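K.L.:
So you can see what is in the structure, the chains are spelled out below.
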Amino acid sequence: MPKTETYTLNMGPQHPSTHGVLQVVLELDGERVVKAIPQMGYLHRGIEKLAESRTYTQFIPYTDRLDYVSSMGNNLGYCQTIEKLMAISVPERAEYLRVIMTELNRIASHLIFMSSVAIDLGATTGMMFGFRDRERILDLFDMACGARLTYSYIRFGGVREDVPAEFIEATRQFLADFPAMLTEHHTLLSGNEILHHRLKGSGIISGQRAVETGLTGPTLRASGVDYDIRKIEPYGIYDRFSFCVPLGTVGDNWDRYMVRMEEMQQSADIIAQALDQLPPGPVMTKIPKVLKPLPGDVYHRIENPRGELGYYVVSDGSTKPYRIHVRRPSFINLQALNEICQGSLIADVVAILATLDPLMGEVDC
Amino acid sequence: MSKQMISSELFLRLQAQFSPGVTIIGEHFQQALLVESEELIELLTVLKTDPNYQFNLLSNLTAVDYVEYFEVVYHLYSLPLKQSATIKTRCTNDHASVPSVTAIWPSADFQEREVYDLLGIRFTGHPNLLRILMPDDFPEHPLRKAYQFTPDGEKG
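Line by line, the protein sequences give chains A and B.
Residue numbers for the first sequence, in UniProt numbering: 1 to 365.
Residue numbers for the second sequence, in UniProt numbering: 1 to 156.
Just chain A, same shape as in the assembly (with noise of 0.2 Å):
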């Protein structure tokens, strides 16, 4: 047979959250992909080098802007490493309040992820569903702190104010309905049969490989390797709540799918026990207005919806920090692209970015 030479073609944009920021150049054979290198940079505000030019309260507003749809953790991630840094201890109060908010975080991710396999494949139906649903979150967010998307509400020391009453009531309520919209998307996209050939089988990778590559959070769970930090090295008051690390067993892309859609309903049930259990009290430790760490280095991680977010902070003594590095998940886990694509199809290209869940926001920093 005849051997036919290999072509470039750039793809995309065509994730949502990739429009005009990720370029992925294949190297094809046919219609088979040789390579999928991944082009980023388009969107590096140089986030770690502002840092060094703030106080470390002023840094908080830009931890929002690297992952955008989880901006909660971004803040708890940031805040607990200060926190660890000057032995600062959180009330109870603003502990359960923490984490409720990026449990609620976690689903209004996953829900956006959900959207975007939808969009991806073609069913605009569920991205709509996965948004609207969404609202009903940012809805509660902008009760409790007046923005939607960048919040900035969990501070050094607690959260920035307490919650009015009707969000405790608004909350129970987005659980009680929480169970009907999940049935919704099961029975939309998990049980279409569209769904299941494109998903299944494709875009595999081992759970050994998962590891080597660096691969955390849902990517990895979903090829079956249990690693979650909220069990393993609980950070706050995780160690409080029952809840189960949903896990995959192929590792292709419709695990990767799955393990988000069941971690939908364990952070809808942390959430509730954290509502029963949320004791009164203040929010907020009496703190200096500007923070001075003695000189040291921390590394701090949580699970994000992404996978591992982790702050290195070096303090020289002063008060701003004298190096801030972000550990993005995303960034780390877009390394995976090129081996899982390789020997799969244009399409399934497609569908392995979606079930990666990468945030360029958080890929360039």
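Since the hints were made in silico from the structure, they are not lab data.
Don't take each hint at face value.
[As the list claims (entries may be wrong)] Pairwise CB distance ranges (calculated):
| no. | chain 1 | residue 1 | chain 2 | residue 2 | range |
| --- | --- | --- | --- | --- | --- |
| 1 | A | 183 | B | 140 | 53 to 59 Å |
| 2 | B | 13 | A | 294 | 25 to 31 Å |
| 3 | A | 147 | B | 82 | 34 to 40 Å |
| 4 | A | 92 | B | 131 | 46 to 52 Å |
| 5 | A | 265 | B | 136 | 42 to 48 Å |
| 6 | B | 25 | A | 206 | 33 to 39 Å |
| 7 | A | 68 | B | 49 | 35 to 41 Å |
| 8 | A | 347 | B | 23 | 51 to 57 Å |
[Said to hold, decoys possible] Simulated crosslink set (PhoX-like; lysine-lysine; CA at most 25 Å straight-line):
| no. | chain 1 | residue 1 | chain 2 | residue 2 |
| --- | --- | --- | --- | --- |
| 9 | A | 320 | B | 88 |
| 10 | B | 88 | A | 84 |
| 11 | A | 320 | B | 145 |
Since we're looking at a predicted model, the values are computed, not measured.
The C-beta atom is built at its ideal place from N, Cα and C for all residues, glycine as well.
Place chain B on chain A using the hints.
P.N.:
This is chain B only, laid out in the frame that chain A set:
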């Protein structure tokens, strides 16, 4: 608390094994192993493959510009043994280069490229050491302390 105990014990054991190329720095939760860059690959290989350590996940890799020298920091995690460790190595400003760990953990690929791009540290043995975030023809390394925001030297 128990996690840190394992780590201190582990550090002492490694220090004895690799003496004098390895020293323990920092205290409490900030404790780390500082290794000479010549012994880096050997130490990290032991940390990954030795059944006592099994650090199979390279969580994070970054570097800091301390003006007199650069410090490259590795945050490791062992999934089977559920323990973490911080390893550091240093290189001088005029010879900014350390061995690449991509052969041990493929996940170092993008992270080393990022450090190279933003801090200008070369990783010898990296299969594809190209800029990753900045344009290919950008001449500087913006995360270095000497880098100025504006040409006239005024910090933004």
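K.L.:
Each hint should be assessed against the structure and marked as holding or not.
P.N.:
Each hint, compared with the structure:
Range check, residue 183 (chain A) to residue 140 (chain B): about 55 Å between beta-carbon atoms, so the 53 to 59 Å window is met. The hinted window of 25 to 31 Å between residue 13 (chain B) and residue 294 (chain A) holds, with their beta carbons roughly 29 Å apart. Between residue 147 (chain A) and residue 82 (chain B) the beta carbon distance is about 37 Å. The supplied range of 34 to 40 Å therefore holds. Distance hint check: the CB atoms of residue 92 (chain A) and residue 131 (chain B) are about 47 Å apart, consistent with the given range 46 to 52 Å.
Range check, residue 265 (chain A) to residue 136 (chain B): about 45 Å between beta-carbon atoms, so the 42 to 48 Å window is met. For residue 25 (chain B) and residue 206 (chain A), the Cβ-Cβ distance of about 37 Å falls inside the hinted range of 33 to 39 Å, so the restraint holds. At roughly 40 Å, the beta carbons of residue 68 (chain A) and residue 49 (chain B) sit within the given window of 35 to 41 Å. Taking the beta carbon of each, residue 347 (chain A) and residue 23 (chain B) are about 54 Å apart, inside 51 to 57 Å as hinted.
A threshold of 25 Å between alpha carbons decides the hint, and for residue 320 (chain A) with residue 88 (chain B) the separation of about 23 Å falls inside it, so the pair holds. Restraint check for residue 88 (chain B) and residue 84 (chain A): the C-alpha separation of about 20 Å stays at or below 25 Å, so the hint holds. Proximity of residue 320 (chain A) to residue 145 (chain B) is assessed by CA-CA distance (about 14 Å); at most 25 Å being required, the pair is judged to hold.
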